[in-house]
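**Q** Here is how the chains run, residue by residue.
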Amino acid sequence: MDDLLREFLTETNESLDVVDVELVRFEQDPSNAKILDNIFRLVHTIKGTCGFLGLPRLEALAHAAETLMGKFRDGSMPASGESVTLILATIDRIKEILDALERDQQEPAGADGDLIGNLERIFKQGAEAAAPQHTVGTLVPQVLERPLHPGEGSLDELERAFRETKPDPVTPKAAPKAQEVSAEKTDDEKSDSKIAHQSIRVTVDTLDCLMTMVSELVLTRNQLLEIVRRHAESEFKTPLQRLSSVTAELQEGVMKTRMQPIGNAWQKLPRIIRDLAQDLGKQIDLEMHGAETELDRQVLDLIKDPLTHMVRNSADHGLETSEERRAAGKPETGTIRLSAYHEGGHIIIGIADDGRGLDTERIKAKVLANGLATEAEIEKMSEAQIQKFIFSPGFSTATTVTSISGRGVGMDVVRSNIDQIGGTIDVKSVSGVGLSFSIKIPLTLAIVSALIVEAGGDRFAIPQLSVVELVRVRGNTEHRIERIKDTAVLRLRDKLLPLVRMRKLLDLEAGADDDTGNGFIVVTQVGSQTFGIVVDGVFHTEEIVVKPMSSKLRHISMFSGNTILGDGSVIMIVDPNGVAQAMGTAVTPQTIHDPAAEAQRLAASEQVTSLLVFSAGSTQQKAVPLSLITRLEEIDAKKIELSNGRHMLQYRGQLMPLVSMNEAVCIKGEGAQPLLVFSDGGRSMALVVDEIIDIVEDRLDIQVASSNPGVLGSAVIKGQATEIIDVGYFLPLAFEDWFRRKEMTVQFKTRSVLLIDDSPFFRNMLTPVLQAAGYEVSTAAGAHEALALLKQGRRFDVVVTDIEMPDMDGFEFAEAVRSDPRTAKLPVIALSSMLSAEAVERGRQVGFHDYVAKFDRAGLIAALKEQAAEDRAA
Amino acid sequence: MKPETGKDNSSEYVTATIGDQLFGLPILRVQDVFTPDRLTRVPLAPPEVAGVLNLRGRIVTLIDMRVRLGLGQRTETGKPMAIGIELRGESYGLLIDAIGEVLKLDDASREANPVNLDPRLARVSAGIHRLEGNLLVVVDIDRVLELGAEALAA
Numbered sequence: 001m002d003d004l005l006r007e008f009l010t011e012t013n014e015s016l017d018v019v020d021v022e023l024v025r026f027e028q029d030p031s032n033a034k035i036l037d038n039i040f041r042l043v044h045t046i047k048g049t050c051g052f053l054g055l056p057r058l059e060a061l062a063h064a065a066e067t068l069m070g071k072f073r074d075g076s077m078p079a080s081g082e083s084v085t086l087i088l089a090t091i092d093r094i095k096e097i098l099d100a101l102e103r104d105q106q107e108p109a110g111a112d113g114d115l116i117g118n119l120e121r122i123f124k125q126g127a128e129a130a131a132p133q134h135t136v137g138t139l140v141p142q143v144l145e146r147p148l149h150p151g152e153g154s155l156d157e158l159e160r161a162f163r164e165t166k167p168d169p170v171t172p173k174a175a176p177k178a179q180e181v182s183a184e185k186t187d188d189e190k191s192d193s194k195i196a197h198q199s200i201r202v203t204v205d206t207l208d209c210l211m212t213m214v215s216e217l218v219l220t221r222n223q224l225l226e227i228v229r230r231h232a233e234s235e236f237k238t239p240l241q242r243l244s245s246v247t248a249e250l251q252e253g254v255m256k257t258r259m260q261p262i263g264n265a266w267q268k269l270p271r272i273i274r275d276l277a278q279d280l281g282k283q284i285d286l287e288m289h290g291a292e293t294e295l296d297r298q299v300l301d302l303i304k305d306p307l308t309h310m311v312r313n314s315a316d317h318g319l320e321t322s323e324e325r326r327a328a329g330k331p332e333t334g335t336i337r338l339s340a341y342h343e344g345g346h347i348i349i350g351i352a353d354d355g356r357g358l359d360t361e362r363i364k365a366k367v368l369a370n371g372l373a374t375e376a377e378i379e380k381m382s383e384a385q386i387q388k389f390i391f392s393p394g395f396s397t398a399t400t401v402t403s404i405s406g407r408g409v410g411m412d413v414v415r416s417n418i419d420q421i422g423g424t425i426d427v428k429s430v431s432g433v434g435l436s437f438s439i440k441i442p443l444t445l446a447i448v449s450a451l452i453v454e455a456g457g458d459r460f461a462i463p464q465l466s467v468v469e470l471v472r473v474r475g476n477t478e479h480r481i482e483r484i485k486d487t488a489v490l491r492l493r494d495k496l497l498p499l500v501r502m503r504k505l506l507d508l509e510a511g512a513d514d515d516t517g518n519g520f521i522v523v524t525q526v527g528s529q530t531f532g533i534v535v536d537g538v539f540h541t542e543e544i545v546v547k548p549m550s551s552k553l554r555h556i557s558m559f560s561g562n563t564i565l566g567d568g569s570v571i572m573i574v575d576p577n578g579v580a581q582a583m584g585t586a587v588t589p590q591t592i593h594d595p596a597a598e599a600q601r602l603a604a605s606e607q608v609t610s611l612l613v614f615s616a617g618s619t620q621q622k623a624v625p626l627s628l629i630t631r632l633e634e635i636d637a638k639k640i641e642l643s644n645g646r647h648m649l650q651y652r653g654q655l656m657p658l659v660s661m662n663e664a665v666c667i668k669g670e671g672a673q674p675l676l677v678f679s680d681g682g683r684s685m686a687l688v689v690d691e692i693i694d695i696v697e698d699r700l701d702i703q704v705a706s707s708n709p710g711v712l713g714s715a716v717i718k719g720q721a722t723e724i725i726d727v728g729y730f731l732p733l734a735f736e737d738w739f740r741r742k743e744m745t746v747q748f749k750t751r752s753v754l755l756i757d758d759s760p761f762f763r764n765m766l767t768p769v770l771q772a773a774g775y776e777v778s779t780a781a782g783a784h785e786a787l788a789l790l791k792q793g794r795r796f797d798v799v800v801t802d803i804e805m806p807d808m809d810g811f812e813f814a815e816a817v818r819s820d821p822r823t824a825k826l827p828v829i830a831l832s833s834m835l836s837a838e839a840v841e842r843g844r845q846v847g848f849h850d851y852v853a854k855f856d857r858a859g860l861i862a863a864l865k866e867q868a869a870e871d872r873a874a
Numbered sequence: 001m002k003p004e005t006g007k008d009n010s011s012e013y014v015t016a017t018i019g020d021q022l023f024g025l026p027i028l029r030v031q032d033v034f035t036p037d038r039l040t041r042v043p044l045a046p047p048e049v050a051g052v053l054n055l056r057g058r059i060v061t062l063i064d065m066r067v068r069l070g071l072g073q074r075t076e077t078g079k080p081m082a083i084g085i086e087l088r089g090e091s092y093g094l095l096i097d098a099i100g101e102v103l104k105l106d107d108a109s110r111e112a113n114p115v116n117l118d119p120r121l122a123r124v125s126a127g128i129h130r131l132e133g134n135l136l137v138v139v140d141i142d143r144v145l146e147l148g149a150e151a152l153a154a
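Protein chains in written order, with our numbering: chain E, 1 to 874; chain V, 1 to 154.
Treat the hints as calculated values from the structure; they're not laboratory data. Incorrect hints may appear among the rest.
[Stated by the list, open to error] If you want a taste of the chain V side facing chain E, the calculated C-beta under 10 Å gives, among others: (1) T40; (2) R41; (3) V42; (4) P46; (5) N54; (6) I59; (7) V60; (8) I63; (9) R88; (10) E90; (11) S91; (12) A98; (13) I99; (14) L103; (15) L145.
[Said to hold, decoys possible] Cut-off 20 Å, straight-line C-alpha distance, at most; resulting in silico cross-link-like pairs (EDC-like, lysine to aspartate or glutamate): (16) E:K547 / V:E86; (17) E:K791 / E:E815; (18) E:K547 / V:E90; (19) E:K304 / E:E294; (20) E:K124 / E:D114; (21) E:K256 / E:D301.
For glycine and all other residues, C-beta sits at the position ideal for the given N, C-alpha and C.
Make a model of the complete structure from these sequences and hints.
**A** Encoded structure:
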């Protein structure tokens with residue numbers, strides 16, 4: 001193809017994309033002369049170039065559009081929706097012709113009389129309205145070429161007049177003048193932009209080729225480094241270091257050339273939304289935040305279509321019509337919000353709308369109809385789990401196939417596109433409030449930093465991005481691997497970390513002895529889930545060039561690719577997502593840094609709880625949330641001492657009281673005695689049990705509340721009825737002042753409670769207590785987190801908050817809640833050990849509805865009940 | 001796949017022994033012949049995949065032809081060889097026992113598979129050539145690399 005023509009095509013296509021966006025902006029803001037100037041200039045340039053290249057059809061179209069826009073610009077005609085639509089249609093036609101031009105290298109035959117005729121008609125209407133005395137048939141050249149009338153006032157005045165003029169007809173005399181002024185300005189700006197353009201066009205192929213070469217260079221550099229590493233003294237050392245740093249810089253530079261703002265992928269969206277809004281008769285506002293966020297163009301290309309698809313979906317299915325919105329008490333104009341920002345080596349893209357949200361019932365029906373799950377399975381699922389089904393293949397809830405979306409290409413395609421580039425997608429929907437998707441994708445696919453580890457004699461690479469820390473395991477230290485039946489765990493800073501052995505995961509057991517005493521644990525984080533991968537050895541980190549797995553091996557979910565190491569050998573790159581899935585837990589990939597995601601994480605944490613299942617006294621299995629347990633101990637029964645009529649154990653230099661589950665559990669005289677240790681605020685107690693059975697992940701859903709002391713109620717855990725233990729009952733048995741306990745009463749009406757406490761212990765303890773009392777509980781670890789939840793529109797019937805908290809205390813929190821009109825009436829109950837008269841008085845001032853001592857749980861339940869009664873009365 | 005045909009209706013084959021059997025691979029599909037070195041096994045891979053290796057900067061997936069054809073474990077002490085081929089932009093190596101000479105054979109003399117041929121062999125065979133004192137199985141390379149499809153069919 002002719003170079004000139006190619007240049008023209010690229011440039012024109014870019015200009016047209018800008019025109020699209022600008023026109024939509026202009027339509028919303030018709031008095032903004034700057035936007036119009038911009039559009040006018042672009043179309044004018046296209047026209048000029050077409051004339052130069054001898055492309056009559058394009059020239060005629062551009063000319064007609066330009067002429068009409070000239071009318072808008074000189075203010076002699078208002079920019080109506082009809083005329084903008086017509087100009088947009090003209091631009092579409094120009095694009096069609098350009099496509100054909102690219103294909104056949106010549107302008108396709110055809111006539112554009114229809115469009116040009118329409119443009120001229122509108123133009124004439126405008127002209128007639130503006131200047132009824134000018135009724136000449138061929139107005140176009142006249143307006144453009146009309147000579148100046150002498151003595152029409154200064155340029156400045158005219159300029160101002162035109163800028164301030166609303167799109168109404170102005171004095172016909174002024175019109176041509178303005179045109180000329182603007183034309184002059186256009187020329188000036190053109191020469192400016194020529195100087196400003198310090199960039200050159202490079203084909204994408206050239207950049208891709210460069211990237212490949214740099215990848216190879218990185219590999220070669222790594223190989224050289226490996227060789228030099230083996231020779232302690234080498235004269236190559238210094239030059240190689242230099243080579244190494246230059247390579248790194250080059251790599252960075254080349255990566256930079258491939259980076260493009262995500263706005264490029266969004267460019268077409270305003271136009272799409274505008275057209276959709278017109279077709280559907282909805283009012284839609286498209287907000288875009290962070291359009292300048294950059295990412296690799298390879299990644300950009302892959303997400304472009306999914307993004308467009310999702311935005312279309314939001315406009316078509318998500319947002320309601322203006323009438324529906326009005327009826328629902330929402331603003332008539334629906335909003336679709338796109339956002340993008342960097343986080344670590346990832347880019348987070350959000351697509352949110354304030355429409356009706358997902359229809360969970362319909363998803364359920366569809367899931368059943370498609371046989372994706374049984375009714376019983378669905379019953380057990382939370383809303384969020386059900387909503388995830390929209391990513392299943394061939395899933396579309398749209399009852400009617402519209403021209404916009406619902407063509408059967410659904411979210412599954414979006415998801416697979418995102419999976420392909422190692423990204424994750426998550427959905428959050430609140431019925432009637434809106435729907436938001438969050439996509440997390442790596443910035444670049446080509447080169448990543450990875451930790452090289454060994455397992456079963458082979459080496460593997462784990463992407464550094466998901467590695468949180470490394471823990472060295474030794475048999476006799478704090479950091480040792482412990483087992484609960486077959487589940488290996490590690491105590492890490494008061495938390496139990498689930499472990500998975502790489503050898504077992506990859507089926508490398510053959511020939512390897514089962515030695516878990518020593519090794520390394522790679523603490524890995526995938527979304528909100530943290531787990532440890534046990535490996536035999538850790539070498540170093542290395543910049544690796546990711547090469548895709550062979551198509552014959554791509555089905556192995558444990559690997560995301562392979563790479564060639566510095567020493568020339570090929571190793572597999574472990575995919576942490578695959579590992580997380582293999583661990584059998586439903587990992588919902590999420591980010592935890594923005595409040596929305598944090599809320600999602602909180603919601604998700606309500607779904608599945610790690611429970612320790614054990615037996616004590618009776619055959620019925622019992623369970624307690626694992627997060628409440630500080631440690632699991634198995635001690636020699638001989639070490640148990642009797643003091644003051646109570647069983648005690650010397651434990652970590654302190655006397656720890658032992659409490660039996662019930663009378664049926666006897667403390668053994670000899671042998672190993674399993675204990676569950678609970679700690680809070682420096683004090684520990686141990687619950688004596690018969691046997692620790694297992695750790696399971698399940699939904700904690702207490703179905704039958706219990707009146708038995710020490711038992712919150714019964715829940716179905718892994719298909720078995722299980723008693724959920726009330727830790728709160730046993731704590732005062734060990735220390736009488738731990739807190740006072742009364743029989744709690746059960747209330748069945750479900751009301752939602754937001755529980756705020758900075759201590760995870762109390763959060764974990766009070767949650768099942770409140771759940772057993774019939775409340776739906778959400779938790780927040782601090783006042784800021786809670787406020788963020790409220791800001792998002794999460795509704796709660798009542799808030800229970802701790803007073804003493806870091807950053808923002810309960811008083812300040814209550815004040816913040818009161819000051820926001822949306823939450824001013826929300827009842828807040830304070831929970832504190834600080835029961836001085838002053839504190840109570842201050843509490844009354846800031847608007848606490850009630851004040852309950854921290855350990856008086858019966859009091860809390862009573863206060864909540866009272867609150868509910870008040871609400872009902874109100 | 002049709003063996004590449006010359007002007008005189010004959011095709012050239014690279015011959016290879018796997019087990020005790022002689023096989024012929026269409027020469028136009030063969031990229032190179034190499035001795036596999038520094039093979040990395042791939043955990044959880046299908047048994048036919050012997051591993052992956054770095055061949056001049058490319059990652060090559062090695063298919064063990066003995067496993068693929070059901071010819072039993074390799075017992076010989078001699079170093080196996082590999083025939084490099086390319087399929088849809090990916091590099092593969094077919095692990096064989098020994099490489100032989102290049103033969104030019106008349107297409108007309110190629111015979112259909114005997115009906116009682118081992119199904120695992122028949123699946124990848126494009127016909128038989130009778131040589132002097134030996135039989136040569138013509139390998140259909142595309143079918144050799146259809147690992148996934150077979151797993152589904154099996």
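**Q** All hints, please: hold or fail.
**A** To see whether the hints hold, each was checked on the structure:
no. : hint            : verdict
1   : T40             : holds (5 Å)
2   : R41             : holds (7 Å)
3   : V42             : holds (6 Å)
4   : P46             : holds (7 Å)
5   : N54             : holds (5 Å)
6   : I59             : holds (5 Å)
7   : V60             : holds (9 Å)
8   : I63             : holds (8 Å)
9   : R88             : holds (8 Å)
10  : E90             : holds (6 Å)
11  : S91             : holds (8 Å)
12  : A98             : violated (25 Å)
13  : I99             : violated (23 Å)
14  : L103            : violated (29 Å)
15  : L145            : holds (7 Å)
16  : E:K547 / V:E86  : holds (16 Å)
17  : E:K791 / E:E815 : holds (15 Å)
18  : E:K547 / V:E90  : holds (11 Å)
19  : E:K304 / E:E294 : holds (14 Å)
20  : E:K124 / E:D114 : holds (15 Å)
21  : E:K256 / E:D301 : holds (16 Å)
Violated hints, listed in ascending order, are 12, 13 and 14; each of the other numbered hints is respected by the structure.
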